[in-house]
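Enquirer: Here the sequence shown is numbered in the UniProt record's numbering, starting from 1 and rising by one per residue.
In short, the hints are calculated from the structure, not lab data. Among these hints, one or two may not hold up.
Listed below are the simulated EDC-like cross-link pairs for lysine to aspartate or glutamate, each with C-alpha atoms no more than 16 Å apart in a straight line [stated by the list, open to error]:
| hint | residue 1 | residue 2 |
| --- | --- | --- |
| 1 | Lys198 | Glu50 |
| 2 | Lys79 | Glu167 |
| 3 | Lys235 | Glu209 |
| 4 | Lys235 | Asp222 |
| 5 | Lys235 | Glu167 |
| 6 | Lys171 | Glu209 |
Quick list of simulated restraints, FRET-style, between CB atoms [what the hints assert, rightly or not]:
| hint | residue 1 | residue 2 | range |
| --- | --- | --- | --- |
| 7 | Asn54 | Ser205 | 36 to 46 Å |
| 8 | Lys35 | Asp66 | 39 to 49 Å |
| 9 | Gly216 | Lys53 | 48 to 58 Å |
| 10 | Glu167 | Ile230 | 15 to 25 Å |
| 11 | Gly33 | Lys72 | 50 to 60 Å |
For glycine and all other residues, C-beta sits at the position ideal for the given N, C-alpha and C.
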Amino acid sequence: HEDSMDTDSEDEGGAAAAGGKNKMKKQGGGGGGDKQSLKDENDSLRCQLEAYKNEVEILKLDMQTDVDAKDKQLKVTQKTLENVQMNLMDARREQADAAFKSMQLNKQLNALKHKLNKESKGKDGGDGDAKDDADDASAETMETKTDTTLLTEPSLELSALTSNVTELEAKLIGLISIFLHIHPFGASVEYIWSYVQKFVPAVKSSDLESLMRRFGGLFTQDLVGIGANIERRWKYGGIAVTEATSSGM
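With these hints in hand, go ahead and build the complete structure from the sequences.
Expert: Here you go:
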């Protein structure tokens, strides 16, 4: 009987020891799972952080690209505006030169007429000569007035044009000129407006048409098409003005 009790005690002790070992194994296995979970979560967060960093770099590059593009566009606009102003001034100078040459030719023509009249009349008497002298004086007075008008009007017109151009109008002229430079065959006012309104959203197509009509020396309008398909197209006249000025000089 005592032997059987000893055997039972040993069995119970062995079972308890085995149970304790199994419990420790389970606890140890659970700790390893938590570490792996934390490691996975850490790796995931690290990947997300790298993705955010890459996205920020991409956004920076995009912003820098947009800034560079706008800077280039602004420089092109400023350069075009300078060319437009120079073309306008050259055109006005050419107009003043043409008026001066016309005045000189009128003088020569009047002098030649007067000389021919004198030669044809010969010696008809003092009264006739006095009348001719009076006519000559009157003609010279009229020519002087005409000369003053011809020489001053273009200058006054140029001054008025350059002084009355607002900053917004100058910007619009530059944008229109840029657009028509790349459309040498002309474009409708609606097509021009679709481009300009990206930079000046508040502008209307009627404003652009009014501005182009005001500066007729820079922008010209042609009719294209036949019948119902007829279309009004605006063209940049600065190139033509420059060519005319160069050929005149």
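Enquirer: Now tell me, hint by hint, if it's right for this structure.
Expert: Evaluation of the provided hints:
{"no.": "1", "hint": "Lys198 to Glu50", "verdict": "36 Å, violated"}
{"no.": "2", "hint": "Lys79 to Glu167", "verdict": "15 Å, holds"}
{"no.": "3", "hint": "Lys235 to Glu209", "verdict": "12 Å, holds"}
{"no.": "4", "hint": "Lys235 to Asp222", "verdict": "8 Å, holds"}
{"no.": "5", "hint": "Lys235 to Glu167", "verdict": "22 Å, violated"}
{"no.": "6", "hint": "Lys171 to Glu209", "verdict": "15 Å, holds"}
{"no.": "7", "hint": "Asn54 to Ser205: 36 to 46 Å", "verdict": "44 Å, holds"}
{"no.": "8", "hint": "Lys35 to Asp66: 39 to 49 Å", "verdict": "47 Å, holds"}
{"no.": "9", "hint": "Gly216 to Lys53: 48 to 58 Å", "verdict": "57 Å, holds"}
{"no.": "10", "hint": "Glu167 to Ile230: 15 to 25 Å", "verdict": "36 Å, violated"}
{"no.": "11", "hint": "Gly33 to Lys72: 50 to 60 Å", "verdict": "59 Å, holds"}
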